[in-house]
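Visitor: Chain order of the listed sequences is A and B. Going by our numbering, 94 is the number at position 94 of the first sequence; the sequence numbering is gapless. Going by our numbering, 22 is the number at position 22 of the second sequence; the sequence numbering is gapless.
Subject to a maximum C-alpha distance of 30 Å in a straight line, what follows is the list of computed DSSO-like cross-link-like pairs (lysine-lysine):
(1) A/K91 x B/K290
(2) A/K104 x B/K323
(3) B/K286 x B/K323
(4) A/K91 x A/K54
Hints listed in this document are in silico derivations from the structure and should not be mistaken for laboratory results.
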Amino acid sequence: MAESYPEELKYHPEHDWARIDGDVATFGVTWYAQDALGEVVFYDPPEVGATVTKDQAYAEVESVKAVSDVFAPLSGEIVEVNADLSGSPEKINTDPYGDGWLVKVRLSDRSELDTLLDVAAYRDLLT
Amino acid sequence: MSRYTSATDADRKAMLDAIGVGSVDDLFAEIPEGVRLGRPLELPAGMAEQDVFEHLSELAARNRHSDVETSFLGAGMYDHYVPSLIDSILGRSEFLTPYTPYQPEISQGGLQVMFEYQTAISELTGLPVSNASVYEGPSAVAAAGYLAKLETKRTRLVVSRGLHPHSRETLVTHAKGYGMTVVEAGLDDRGATDLDALAALADEDTAAVFVQQPNFLGTVEELGTLGEAAKRTGALYIVAADPLPLGILESPGALGADVCVGEGQTLGNRLDFGGPSFGFFAAADKFIRKMPGRIAGETRDVDGRRGFVLTLQTREQHIRREKATHNICTAQALNALAGVIYLSWLGKRGLVELGELMVRRTHYARETLDLEQINPGPIVRELAVRVPDIDGVFERAREAGINPGYRLGRDYPEYEDGLLVAITERRTKADIDRLAAVIGSVREEVPA
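Can you build the whole structure from these sequences, using the hints too?
Guide: What follows is the structure, encoded as structure tokens:
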């Protein structure tokens, strides 16, 4: 897929994105992250109910050549995980913003939203 | 191309001139004065080649060799026959000389051999996943403890006193490093792991329970029953086994083992000076991402042809760093190669025949020696007996060109005057009769 960074998402400097929908946010990794990792071969989702903390790692994504921590852009409680990825981890490469979503989190502190980057600021970071 | 080319003074001068340095000493100019030795190393002067030969011959003559001395010494490494086929294959430069031969582009032979080795270990242990080998048995035991920690996040390890003393010590040393405690379950009056003691120790904080098969005394343990007790509170069941008797014993995997590790020396490796050899590591499928060591995998290349590669390397420390499953990122490839050649040479039937031979001869030794038995239950290759006047026996045996075995009292004070006698296919009936005669002759002299 061609390099892209959707306008409506918020971004974290560790190459993670967040899609806000009320008080629930969906997290994933950006095009840049999946490109750097290479072909993703394994992803073990965290447990529903687990707490995630902004800026801390909540899972790992494994490619043929590396393992990378995935960082939470925002804090909250995991309410849903993408179980599909256990069988088809390559969706993280082919559709990082859609079918490659990682977790859905009920946010605990909306003020954290102010710390995230918009697409322009994130693109700046990449250059 | 020459095998060795030394540098002359002229060569050295040319090299120094090329880099604009006056002398070799100048290359060390950065080393501070305060840490310089300031004098030549205290080494004796060089000797003429002939003198070196005489000196080394004299030192070598102090060694006892199991081809000359009749040895009943076991205790973890065993005097089995190693066929010359092994040396003839190991000596091939393609196997003997490469360093870390893991690039699939030029190492298909080596990687395939690792894959075959892993398959053989899987079959012997009854567990689906095996790595390409680790250094030796005791460190494999310690690595299994770490896997149990990764899997359960608990802090306690329960180990049978039947495990080799070196394995227990190594486990304790490593466990300290990765923050776990080790407690020991004792042996019963038949030289087997005390089931009640083991069951009592395996609590909610126990990550793994270790049992050895056969145990250090040579006893064949009840792996199934011990395993049930071990796993009751969710601990992993880890069996340390000798691979050769697994040819005639039920596999640890079939009896509930989650992980099976061990010392591989008995597969095609001579005793040498106690090494090098290899350790093996096999586990149930669900632990594959937590396993240590190299893993060879089968795959297809771009043209659809079958090939072999290293796989799951993201477990290893050169990629995963401090979160790796272990610090090892190598294998004892040459020794493991000897192991898989040995198994191929024996074949499945040969392995069984060898096992049956050892069992028969070991029981013959038990009857013929006619000594008080520390482990009167099932044995396959080794037995533990009490010997009156054990010092006398060692002295008389040495004179007769026999090594009678291992003094158990060294590691098990409760078996003072205990002797561990190993019977491999190299020990004939006549050898056993000679040992019995030596012991008998000493007994006759013991005052009533």
